[in-house]
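Throw the hints in and build the complete structure from the sequences for me.
If you read the protein sequences in the order shown, they are chains F and C.
Going by the working numbering, 74 is the number at position 74 of the first sequence; the sequence numbering is gapless.
Going by the working numbering, 230 is the number at position 230 of the second sequence; the sequence numbering is gapless.
Rather than coming from a laboratory, the hints here were simulated on the basis of the structure.
As the structure is a prediction and not an experimental result, all values here were calculated from the model.
Some clues are possibly wrong.
Straight-line C-alpha distance at most 30 Å; calculated DSS-like pairs for lysine-lysine [stated by the list, open to error]:
#, chain 1, residue 1, chain 2, residue 2
1, F, Lys277, C, Lys43
2, F, Lys277, C, Lys87
3, F, Lys135, F, Lys106
4, F, Lys205, C, Lys199
5, F, Lys135, C, Lys199
6, C, Lys127, C, Lys18
7, F, Lys152, F, Lys76
8, F, Lys93, F, Lys120
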Amino acid sequence: MVNLGFNIGDLHFKNPVLTASGTFGHGSEFDDFIDVSRLGGLIVKGTTLEPREGNPSPRMAETPSGMLNSVGLQNKGIDYFEKNIYPRISKYKTNVIVNINGSYFKDYVALAERINILDKIPAIELNISCPNVKKGGMAFGTDPGSTRKVVKAVRAVCSKKLIVKLSPNVTDIADFARIAEEEGADSVSLINTLLGMAVDTENMKPSLATGTGGLSGPAVKPVALRMVWQVAKAVKIPVIGIGGIMNPDDAIEFFLAGASAIQVGTASFIDPRASVKILEGIEQYLEKKGFNDISEIVGYINK
Amino acid sequence: MGKRIESLKIINNQKLNKDSFIIELWGKEKLPEMRPGQFAEIKVEGSPGTFLRRPFSIHDVNYGENTLKFLIQIAGKGTEALSSLEKGDMLNIIYPLGNSFSLPGNNQRIILVGGGCGVAPLLFMGKYLNENGHNPDILLGFRNNESIIEYDEYLELGRVFITTEDGSRGEKGFITSHSVLSAQSYDSIFCCGPLPMMKAVGDYCRQKNIECEVSLETLMGCGIGACLCCIVTTVKGNLCTCTDGPVFNIKDLIW
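Now the structure itself:
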């Protein structure tokens with residue numbers, strides 16, 4: 001029996017396969033296809049203080065080996081989440097983590113305080129890397145000073161584990177990871193989507209209504225992997241790898257590069273069972289290679 | 001009603017005209033109950049440029065034979081690849097997805113209005129109406145004689161009227177100007193086709209105060225309400241075409 005569990009501080013995850021925010025709804029969308037409770041964790045759709053309608057349509061474009069989206073954090077706000085979604089998702093027997101977003105520092109702080117009182121939410125993922133909002137989002141995660149300020153402010157009030165989701169749209173992502181660690185983050189997750197664009201040549205205008213959007217899917221995997229490798233060497237807190245993980249082998253690459261856990265994102269669109277298949281494949285890989293514990297391969301290429 | 005992901009066997013892939021074809025699938029397991037207007041997300045193999053699944057309306061279901069059909073128009077590399085699949089190949093689909101057309105009350109005068117490949121969900125709907133005691137009229141519009149999708153099966157369901165833009169078959173002109181719409185007054189219209197056509201039908205229904213449901217098509221990421229990419233702007237806010245639709249009452253749409 002292989003041990004797949006890992007910890008963020010004293011918070012235990014039964015396995016290292018989580019689902020990426022914005023690609024897994026609130027879990028129930030996948031109930032017909034998998035037992036969501038088998039996953040190590042569930043990171044729910046980005047949540048804001050007030051409801052958001054998100055960006056106009058079209059919000060997505062298919063690109064080579066990937067897709068662009070500009071959803072723009074459409075969600076019903078924290079009040080709705082508390083009343084309608086929280087009771088439902090807290091039934092999952094896994095770590096349910098809320099991804100929080102704000103336009104201003106005070107929004108993040110207020111959200112962290114709201115999450116503090118939700119017993120069944122053991123951690124928040126601080127999203128300072130959404131590329132699709134006019135205010136806030138990536139603006140916090142691409143400026144070192146703002147990153148420091150927002151992580152510090154949230155850490156001061158947050159009684160849950162704090163995961164900071166980093167933007168790849170920076171010169172040196174390791175700097176941002178170090179700042180998050182210095183300000184008390186318990187973990188960093190990376191990467192959010194890469195800012196990208198597509199143009200519709202027939203209609204002679206951008207494919208997305210917002211012009212630009214976030215690129216995800218296998219197209220970003222080599223970039224994500226490189227960044228996880230750099231960050232894993234720069235910080236001591238657990239690193240959660242995200243970016244184009246479609247199959248168990250992709251996931252293994254991230255572990256070998258230094259990720260303690262991974263998030264499955266866009267893959268769930270093509271196969272709603274992708275996360276569970278990846279989990280099963282990781283276990284098989286470890287058995288085949290003769291490892292007893294997932295931690296033995298974390299950062300293996302850096303040893 | 002549960003959604004499934006399944007690989008079904010292609011038992012027929014029939015070319016209808018230069019750019020349309022019907023894929024017929026057979027399931028080893030008993031097919032789930034499906035309703036007219038629902039769709040499937042089809043995985044396209046062998047087309048490296050096609051990353052995401054493609055949504056298609058369910059065209060026809062035969063529970064006795066355990067088969068279902070998709071009527072598909074070649075619009076790009078993905079649909080091109082689907083058109084070249086052969087009998088015996090497997091097709092992976094996620095289904096049945098989305099909501100469905102409403103069943104109108106008794107004694108309603110109903111017309112199904114389809115444009116081009118948008119006729120796809122209307123065969124299934126027509127059969128469903130028949131089973132529930134309705135004999136809908138069916139109005140089908142095409143660009144020209146060459147693009148007509150054969151409609152023998154529709155003839156068994158009700159009166160069929162044809163328009164082509166160039167008059168090469170049926171009445172000439174756009175669907176909304178067909179004489180049957182002025183000769184007969186309808187209580188309900190069920191519509192699927194290109195967006196400008198559906199908008200024209202929607203306008204017509206608003207003016208005449210006719211109940212109208214349209215089946216919308218948008219680019220989709222997941223098809224199951226997880227990604228929020230396929231929104232349509234409605235009086236109730238931004239809704240997902242994949243889970244709140246694809247069928248919408250025109251009263252809810254901001255057109």
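Right, here's what the structure says about each hint:
With a CA separation close to 17 Å, the supplied pair Lys277 of chain F and Lys43 of chain C stays within the 30 Å bound. Proposed proximity of Lys277 of chain F and Lys87 of chain C is supported: the alpha carbons are some 29 Å apart, at most 30 Å. About 13 Å separates the Cα atoms of Lys135 of chain F and Lys106 of chain F, which keeps this hinted pair within 30 Å; it holds. At most 30 Å may separate the alpha-carbon atoms for a hinted pair to count; Lys205 of chain F and Lys199 of chain C meet this at roughly 22 Å.
Our distance criterion of 30 Å between C-alpha atoms is broken by Lys135 of chain F and Lys199 of chain C, whose separation comes to about 34 Å. Restraint check for Lys127 of chain C and Lys18 of chain C: satisfied, since their Cα atoms lie roughly 27 Å apart, inside the 30 Å limit. Between Lys152 of chain F and Lys76 of chain F the alpha-carbon distance is near 27 Å, which keeps this suggested pair within the 30 Å criterion. Note on Lys93 of chain F and Lys120 of chain F: the hinted pairing holds, with a Cα-Cα distance of about 10 Å set against a maximum of 30 Å.
Checked against the numbered hints above, the structure breaks only hint 5 and satisfies the rest.
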